[in-house]
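Trainee: Construct the entire structure; sequences and hints are all you get.
2 protein chains.
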Amino acid sequence: MNRFSPLLAGAALLSTPLLVSAETAVAPAPNGIEFPADYRDWKVISVSHRTDHHSMRVILGNEIAIAAARRGETLPWPDGTILGKVVWKEGAEPDWAPAIAPQAFIHVEFMEKDSKKWAETGGWGYARWVGSDLKPYGNDTNFALECVGCHTPVKGRDWVFTTPATFPPLPAGH
Amino acid sequence: MNRFSPLLAGAALLSTPLLVSAETAVAPAPNGIEFPADYRDWKVISVSHRTDHHSMRVILGNEIAIAAARRGETLPWPDGTILGKVVWKEGAEPDWAPAIAPQAFIHVEFMEKDSKKWAETGGWGYARWVGSDLKPYGNDTNFALECVGCHTPVKGRDWVFTTPATFPPLPAGH
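Sequences listed follow chains A and B, in order.
Start counting the first sequence at 20; every next residue gets the next number (our numbering).
Start counting the second sequence at 20; every next residue gets the next number (our numbering).
Because the hints were derived from the structure by calculation, they are not lab data.
There could be a bad hint or two in this list.
One copy or two, either will do: identical chains are not told apart, so a pair holds if it fits within one copy or between any two.
[What the hints assert, rightly or not] Simulated pairs of lysine to any residue, SDA-like, Cα-Cα distance not exceeding 25 angstroms:
id : residue 1 : residue 2
1  : K136      : I83
2  : K154      : L189
3  : K174      : E139
4  : K108      : G51
5  : K154      : T185
6  : K62       : V106
7  : K108      : R69
8  : K154      : D57
Mentor: What follows is the structure, given as structure tokens:
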């Protein structure tokens with residue numbers, strides 16, 4: 020076989036973008052928010068255990084969010100903030116039952132702050148992707164009303180449930 | 020006053036390292052492990068809620084750990100892995116009581132894998148820093164025996180309690 024076959028070379032050139040596409044293409048949310056493909060590389064804001072929902076969560080932030088959290092300036096969060104929440108079913112750790120840890124992935128959801136663009140929903144744009152195939156949540160833009168409804172108890176906290184956790188050492192002056 | 024006074028210049032030169040030192044100097048663990056000053060920038064391996072210890076945790080990894088977790092190759096974890104666990108007291112979220120979230124920081128602890136260097140403690144070197152002033156845990160190197168004792172139930176999991184959580188999309192072939 021000719022190692023330099025133009026046909027094979029063409030196939031090789033095509034295969035790379037197709038593979039990338041198959042691995043990363045996730046449909047946007049109904050309001051147009053794109054899936055942040057690098058979210059799992061984001062830094063930690065906090066964690067939580069919803070005992071009522073039987074789920075474990077990690078709350079991540081993009082760089083603007085992390086910088087704001089570390090400065091303690093999150094009321095309000097600055098425009099450009101994106102907060103991500105990864106949600107898994109709860110379950111006992113296999114060798115230490117009183118430790119509750121993530122089991123199957125449920126969904127990942129995001130809030131992005133843009134006071135003007137998202138003025139109708141409190142300055143935040145919402146998006147959620149469900150299941151390991153990351154199906155966008157909601158059939159149309161009305162899905163965000165459900166998000167706003169659930170977040171209404173924390174309207175006075177700029178619509179955010181999460182309090183950033185402490186990661187010592189603290190900056191000088193804190 | 021002479022802006023170019025050698026005395027003032029000397030003071031200025033000294034002041035920068037002194038400030039840096041005050042912000043970042045953390046004493047090493049009794050076994051010589053240095054505090055990983057950038058741990059809060061590490062990526063997430065998983066989270067947990069120790070209902071017996073009334074604490075919330077996030078488990079972070081250095082780049083070698085994250086790469087191993089994403090490849091699913093953690094039995095054993097490769098040499099060079101460092102796992103970090105940040106531990107806070109548990110408490111209810113202020114506006115959603117069934118959600119348990121971090122309160123005060125308790126400690127941060129690390130396991131670093133070096134099969135040769137740490138052969139006497141199962142291939143892992145242990146370290147913990149306690150409280151917001153990050154005081155090293157233990158009076159001498161015997162402190163690691165306590166770590167090994169607690170981790171013995173997971174000897175068959177390369178001494179690690181944590182199962183890496185799933186962050187879709189999964190790589191092709193998984």
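Trainee: Hint by hint, say whether it matches the structure.
Mentor: Outcome of the hint check:
1. In this assembly of identical chains, K136 and I83 lie within 25 angstroms of each other by CA distance solely inside one copy; the values are 17 angstroms within and 39 angstroms between copies.
2. Taking CA atoms no more than 25 angstroms apart as the test, K154 paired with L189 passes between copies only; the shortest distance there is 14 angstroms, against 39 angstroms inside one copy.
3. For the homomeric pair K174 and E139, the shortest alpha-carbon distance inside one copy (13 angstroms) is at most 25 angstroms, but the shortest distance between copies (54 angstroms) is not.
4. Taking the shortest Cα distances, K108 and G51 never come within 25 angstroms of each other, neither inside one copy (28 angstroms) nor across copies (39 angstroms).
5. When the C-alpha separation of K154 and T185 is checked against a cutoff of 25 angstroms, the pair qualifies only between copies, where the shortest distance is 16 angstroms, while the shortest distance within a copy is 33 angstroms.
6. For the identical chains of this complex, K62 and V106 are neighbours both inside a copy (16 angstroms) and across copies (16 angstroms), given an alpha-carbon limit of 25 angstroms.
7. For a Cα distance limit of 25 angstroms, the shortest separation of K108 from R69 qualifies both inside one copy, at 10 angstroms, and across copies, at 16 angstroms.
8. Within a single copy, K154 and D57 get their C-alpha atoms as close as 17 angstroms, which meets the 25 angstroms cut-off; across copies the closest is 35 angstroms, which misses it.
Against the hints set out earlier in the document, a violation occurs for number 4 only.
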